[in-house]
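Q: Here are the chains, one letter per residue:
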Amino acid sequence: MPRTLTLRAGTAGIASFSLFALAACGGGDEEASAWILTGGGWPAIEEDLERFNEDREAEIDVEALENDAYKQQIRTAVGSGDAPTMIMSWTGGALLEYVEQDRIIPLDGNTGELDDRVYESVWQNGVVDDSVYAVPLNDVQPVVMYYNQEVLDEHDLSLPETWSDVEDIIDALGDVEDVDAFSLAGGSVWPAFMWLAYLTDRHGGEEVFQAVVEGEEGAWDHESIIWALETMQDLGDAGFIRDYNAVDAGQNEDAQLLADGRAAFLLQGSWVYATINQDFPEFADSGNFGFTEFPVLEEGAGDPSNIVGNPANFWSVSADATEQEQEVAFDYISEHLYNDQAVDEMLEAGSLPPLNDIGDRIEGSEAEEFLSFADELVGSANHFQLSWDQAISPSEEQAFGDNVAAILQGNMTPQEFVDSMNSQ
Amino acid sequence: MPHAASTESRIPTAGTALDPKQPDGGVVGLPRPAARRPQGRKTGEKPNILAGTLGWVWLAVIILPIYYIVITSFRTSQDLRANNQLIPSSQPTIAPFIRVIENDFFHFFFNSVVVTASTVAVVLALSLMAAYYIVRSTSFGGTRLFQLILLGIAIPVQATIIPVYYLIRQLGLYDTLWALILPQIAFAIPLSVLIIVNFVRDIPNELFESMRVDGAGEWKILWSLVLPMAKPALMTVGIYQALQVWNGFLFPLVLTQSRDVRVLPLSLWEYQGQFGIDVPATLAAVVLSAVPLFIAYVVGRRYIVAGLTAGFSK
Amino acid sequence: MTTIASHIVNAQGKVNGKRRQGPTFLMALPAVLFFGLFALVPLGGVLAISFMEWNILGSPSWVGTDNWDTVINDRPFTWRALTLTLIFVVGSYLFQAPIALLLGVFMAGQQKYRAFLSVLYFLPLLFSSVAVGLTFQSLLSPYYGISAALPFDWLPSDWLSNSDIVMYVMIFVVGWCFIPFHALLYQAGVRQIPADMYEAATIDGAGRVRQFFSITLPQLRYTIITSSTLMLVGSLTYFDLIFVLTGGQPQNAVRILPLDMYITGFSANNLGHASVIAVILVAIGLTMSLLLNKFSGSTKMESDKAGA
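Chains as they are written, first to last, in full-length UniProt numbering: chain A, 1 to 424; chain B, 1 to 314; chain C, 1 to 308.
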């Protein structure tokens with residue numbers, strides 16, 4: 001049976017080949033390590049870490065993981081004491097847990113001049129019980145309102161400064177076929193967190209959600225949160241784009257709907273600026289692509305300068321690392337992080353480091369208009385609200401997402417929502 | 001029927017090619033391999049129009065998503081949704097493929113081949129041996145073992161992933177290809193044994209007896225009788241498990257971490273950032289990883305079908 | 001299973017009980033070791049964790065039967081997930097089995113166009129769930145997918161966001177992936193049916209449909225059992241595509257048990273509850289494979305005769 005023989009020989013060949021390949025990949029030795037994400041500005045962060053290694057003859061072993069893979073692995077790794085030396089987080093509930101479980105160490109005294117350079121509203125996110133446990137490592141990501149000027153012109157609309165302007169716009173577009181006020185990727189759910197956060201903040205101020213974060217009894221059941229949820233459901237009837245629950249943000253459908261003129265506005269993170277420039281260059285270059293702040297709620301108690309979003313990603317240092325490894329991490333944080341070259345690269349890429357000393361460098365950069373707008377927004381913000389899903393405890397995150405989805409789908413009343421969240 | 005007649009006339013060649021080693025041909029004593037086919041034999045009837053139509057309809061169902069994958073892999077991210085997604089780009093580009101290849105595609109591909117081939121080879125060998133033991137063992141151990149193995153069929157992989165993670169850590173295998181191969185072998189064994197047992201127990205007892213009379217030992221019997229007879233089962237199991245391992249992403253996700261040992265399904269996630277996905281590059285990687293498999297299938301198709309067919313009749 | 005296992009022993013015992021000795025246990029030892037170490041030990045771990053409270057980050061603490069009590073008595077969703085799982089398993093089977101069977105028979109034909117089609121039918125097997133998920137996400141998008149591309153107004157546009165249809169969509173997409181494999185099995189099965197059976201039937205004047213039911217189906221008995229086992233067990237523990245494509249949304253309408261377990265364990269970080277769900281899942285799967293085996297075992301003697 002020549003056929004069988006060939007097959008067998010082939011299998012044997014592959015098998016011995018595989019033994020060779022397996023032998024080739026060894027285990028790790030004593031060196032500091034850092035896990036980062038893939039895509040976006042992360043390759044630049046990786047290069048920056050490599051440069052640090054070359055300059056200092058240090059050894060920080062960098063591993064890039066996809067977002068979901070990272071979230072899955074970091075928790076298991078930290079929990080089993082095998083965390084990388086430098087632990088990246090979005091701060092919020094996860095950071096609190098790390099601190100409570102003594103998985104990370106305070107960085108006080110080891111952050112160089114960062115304390116003075118980083119915007120206070122951003123810096124505070126890494127502070128737990130008056131100690132610094134995490135420092136920002138990349139760009140600040142406020143949520144802003146993008147718009148399509150062509151749509152506004154066509155329907156004789158102007159930028160909304162207040163919430164009643166928003167209501168007028170929704171009314172004006174109510175009868176227009178195939179154009180709605182707001183693009184929203186409800187299928188991905190998380191873009192709706194931004195609406196909830198902004199509406200609640202404008203209505204009741206930052207204290208409302210702060211009470212939730214601090215775990216106050218019944219904190220979810222607040223009139224501002226209920227109002228925000230009701231408003232979102234009203235927007236679902238008129239305001240949000242048709243079939244918003246099937247629009248996917250991962251594939252940038254929400255941005256495309258704005259670029260295509262199917263929606264006048266899009267509330268999204270600052271990273272969408274780069275996405276639109278890259279994926280929809282015609283729209284970006286047409287002069288119709290604009291960005292502005294979230295409107296003011298006339299009767300609201302919130303400070304109109306408040307913003308929401310991701311203050312940045314942050315570095316923490318693992319308590320399970322050796323002292324030697326921790327020293328390397330301190331070195332990187334205090335002396336290398338946000339060095340001139342890294343900052344310039346971020347600005348070139350159209351992303352904004354949360355630093356108060358880079359105003360003059362923004363001038364003349366390619367994305368000057370957007371960066372100045374974002375810098376102004378962040379610099380003058382009274383409070384920078386971390387995304388709710390990150391801010392709450394990781395064990396509540398799933399229920400929160402499910403419940404927001406139910407609100408979007410009209411399957412839950414706002415009261416049911418807050419009751420459910422209170423019972424978590 | 002001109003159509004049927006012409007089909008009929010080609011059949012001997014096609015039939016021989018399709019079943020190079022016709023095991024049951026001799027048993028049933030067919031002069032023309034073609035006559036075995038229910039469809040080919042109906043020379044006096046009309047072609048089966050209904051079946052033909054439904055066949056083409058199913059083709060449409062199958063092809064549409066694949067057509068989308070292929071045309072999208074040649075797009076720039078700018079015209080991803082510029083127009084109708086089902087119309088190919090007017091300016092196709094191979095840039096996504098270059099992105100993928102520059103991003104160590106072949107390394108990941110190699111890892112996947114190593115993991116899949118090693119896993120399937122070991123699974124087939126171990127399952128065949130175990131199935132042989134279960135069927136032929138005279139002690140009660142065979143029954144017990146079979147009960148135990150059946151338990152394993154229902155274990156969902158995701159359920160045990162955390163204990164598996166700690167186990168792999170303890171063994172010092174975390175972030176190696178072994179971490180993917182060893183547990184996947186274990187989880188593939190129950191189903192494989194079940195299917196192979198169903199085949200092996202149909203081998204007539206007389207065949208075992210006559211081999212014994214000839215003085216053959218257990219290993220000889222396994223090699224010269226059980227193995228050839230169980231070939232269709234091994235083929236079924238082999239293809240099924242190979243696809244499972246090739247496409248599986250939960251084990252790689254949890255048990256590996258560095259690029260050195262990354263396999264293809266996990267590498268697809270690389271084109272997914274924190275907020276978005278590089279769709280053309282992901283689909284280009286998908287096309288690249290499917291092409292060699294497809295060629296292998298087209299070349300080996302006749303053997304696969306023959307292998308699945310062989311050994312049934314005794 | 002007991003039936004079948006004892007059946008084997010009986011058959012052998014009767015025919016040649018006196019002097020035959022079976023293969024040594026060494027034959028089965030490697031499989032047992034692998035299975036024991038990497039499947040049974042972790043399964044024991046899961047059972048243990050089901051009695052603990054653990055969020056992965058901290059240390060696990062013993063809580064007795066609290067998790068079981070909560071998951072079974074105070075968590076209405078457990079029962080909904082069970083129902084959804086049942087719908088998914090039965091729905092997948094009803095969708096996949098007939099199409100795979102018919103396709104297999106179709107592919108077994110020797111017409112040239114059928115050989116050509118068979119090659120193309122195989123294609124879906126080549127794509128991993130991440131790829132298939134991404135593709136269908138795009139195709140089912142209300143604004144940029146097929147509903148927008150095709151000029152049919154009656155096509156729904158909210159495939160993935162309408163909780164009334166998303167289950168059927170998932171059954172379809174999962175079937176799209178797995179039908180080719182089962183069709184391949186049936187193709188091989190049909191190819192080995194002796195042609196003289198059909199010839200005799202034709203002489204007796206039996207038509208196509210009649211032949212299908214009186215010859216093809218009974219002759220495919222074994223293939224049907226194998227394929228059904230794979231389909232049912234496979235869809236009971238199926239996870240990848242549903243996770244990639246929907247994450248259980250909308251309204252958790254496709255959050256079947258495996259997905260529910262994963263979400264509870266890794267998104268909500270409640271490993272204790274997740275492990276209870278896992279154990280329930282194992283119990284259901286075990287029952288199912290016992291039943292299937294009993295079924296296949298009872299047909300054994302008959303098929304022996306027919307096949308010989």
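These are calculated hints, taken from the structure and not from any lab test. C-beta atoms are modelled at their ideal positions from N, C-alpha and C, and glycine is treated no differently. You may find that some hints are simply not true.
[Unchecked claim] The following label-pair restraints were derived from C-beta to C-beta distances: (1) B:Phe294 with C:Leu155: 29 to 37 angstroms; (2) A:Glu327 with B:Leu148: 37 to 45 angstroms; (3) A:Glu31 with B:Asn84: 45 to 53 angstroms; (4) C:Leu155 with A:Ala238: 19 to 27 angstroms; (5) A:Ala349 with C:Leu155: 47 to 55 angstroms; (6) C:Leu26 with B:Leu171: 49 to 57 angstroms; (7) B:Val70 with A:Asp360: 46 to 54 angstroms.
[What the hints assert, rightly or not] Stretch-level coverage of chain B by chain A, calculated; a stretch enters the list once three of its residues show a Cβ under 8 angstroms from a Cβ in chain A: (8) 70 to 80; (9) 153 to 160; (10) 248 to 261; (11) 277 to 283.
[What the hints assert, rightly or not] A few chain B residues that face chain A, going by a derived Cβ cut-off under 10 angstroms, partial list only: (12) Glu102; (13) Tyr174; (14) Leu266; (15) Leu268.
Q: It remains to establish, for every hint, whether it holds in the given structure.
A: Evaluated hints:
1. B:Phe294 with C:Leu155: 29 to 37 angstroms: holds, 30 angstroms
2. A:Glu327 with B:Leu148: 37 to 45 angstroms: Hint violated: Cβ distance 52 angstroms, outside 37 to 45 angstroms.
3. A:Glu31 with B:Asn84: 45 to 53 angstroms: holds, 52 angstroms
4. C:Leu155 with A:Ala238: 19 to 27 angstroms: holds, 24 angstroms
5. A:Ala349 with C:Leu155: 47 to 55 angstroms: violated, 40 angstroms
6. C:Leu26 with B:Leu171: 49 to 57 angstroms: Violated: the Cβ-Cβ distance is about 24 angstroms, outside 49 to 57 angstroms.
7. B:Val70 with A:Asp360: 46 to 54 angstroms: Between Val70 of chain B and Asp360 of chain A, where Cβ atoms are some 50 angstroms apart, the hint holds.
8. 70 to 80: Answer holds; 3 residues pass the 8 angstroms Cβ test.
9. 153 to 160: violated (count 0)
10. 248 to 261: As far as the stretch 248 to 261 of chain B goes, the hint holds, because 7 residues have Cβ atoms under 8 angstroms from chain A.
11. 277 to 283: holds (count 3)
12. Glu102: violated, 13 angstroms
13. Tyr174: Result: holds, 8 angstroms to nearest chain A Cβ.
14. Leu266: The hint holds - Leu266 of chain B has a Cβ within 10 angstroms of chain A, the shortest such distance being about 7 angstroms.
15. Leu268: Nearest chain A Cβ about 9 angstroms off; hint holds.
In terms of the numbered hints stated before, the structure departs from hints 2, 5, 6, 9, 12, listed from lowest to highest.
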